[in-house]
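**Q** Sequence:
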Amino acid sequence: MKYLGMVIKETLTLYTPIPLIGRKLENDVDWNGVALPKGLMILICFQCVHQSIDYWGEEFETFDPEHFNIENNKNRHAYAYVPFSAGTRNCLKYAMVELKSIIATSLRRLEVFPVHPDKDVILKCPIMLKPINGDNSA
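If you use this note's numbering, the sequence shown corresponds to residues 1 to 138, in order.
Be aware that one or more of the hints could be misleading.
Said to hold, decoys possible - Derived lysine to aspartate or glutamate pairs resembling EDC-like cross-links, with alpha carbons at most 20 Å apart: (1) Lys100 / Asp64; (2) Lys100 / Glu111; (3) Lys38 / Glu26; (4) Lys2 / Asp64; (5) Lys93 / Asp28; (6) Lys38 / Asp54.
Said to hold, decoys possible - Pairwise CB distance ranges (calculated): (7) Asp54 / Ile21: 16 to 22 Å; (8) Lys2 / Ser85: 21 to 27 Å; (9) Arg23 / Lys124: 22 to 28 Å; (10) Gly39 / Lys119: 28 to 34 Å; (11) Cys125 / Tyr3: 25 to 31 Å; (12) Asp28 / Ala104: 43 to 49 Å; (13) Leu43 / Asn72: 41 to 47 Å; (14) Ser101 / Pro65: 16 to 22 Å.
Keep in mind the hints are simulated off the structure, nothing from the lab.
Yeah, the Cβ is synthetic: ideal placement off N, Cα and C, and Gly gets one too.
Work out the full structure: start from the sequences and follow the hints.
**A** In structure tokens form, the structure reads like this:
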């Protein structure tokens, strides 16, 4: 189950469910010599953090659950892995237990194949408001 947890985390690193969030600065911040005033709205790109050579090395796009072994994790910045934002939340720990249980049970009972083995996954990240009742073709 430990290795399955590493596989889940690596998947969430490559395919971050929440790729970016907005936050309002609570204090003035000096960002590499640039003054950011209190109250400023900023965007934090988790997908960018998860694709940083500084945290994940040259092979950051390669699926490698060993990114999450004890040795590789001990010196990594605490916020280098933030698929659902940051902080300690028991609901996220519970969700990981649920994911492990569901995946382990499913793999014992099912044979899994890629939907389109000859095609790459194409991601979509809409950030525009859209009506839920009407033309959703865009």
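**Q** Now, for every hint given, state plainly whether the structure supports it.
**A** Going down the list of hints, with the structure as the test:
1. Lys100 / Asp64: It holds: about 18 Å lies between the C-alpha atoms, which stays within 20 Å.
2. Lys100 / Glu111: holds, 17 Å
3. Lys38 / Glu26: Judged against 20 Å, a Cα distance of about 5 Å means the pair holds.
4. Lys2 / Asp64: holds, 14 Å
5. Lys93 / Asp28: violated, 32 Å
6. Lys38 / Asp54: violated, 28 Å
7. Asp54 / Ile21: 16 to 22 Å: 20 Å Cβ-Cβ, so the 16 to 22 Å window holds.
8. Lys2 / Ser85: 21 to 27 Å: holds, 24 Å
9. Arg23 / Lys124: 22 to 28 Å: For Lys124 against Arg23, whose Cβ atoms are near 24 Å apart, the range 22 to 28 Å holds.
10. Gly39 / Lys119: 28 to 34 Å: Violated - the Cβ-Cβ distance for Gly39 and Lys119, about 45 Å, lies outside 28 to 34 Å.
11. Cys125 / Tyr3: 25 to 31 Å: holds, 29 Å
12. Asp28 / Ala104: 43 to 49 Å: holds, 48 Å
13. Leu43 / Asn72: 41 to 47 Å: violated, 28 Å
14. Ser101 / Pro65: 16 to 22 Å: holds, 18 Å
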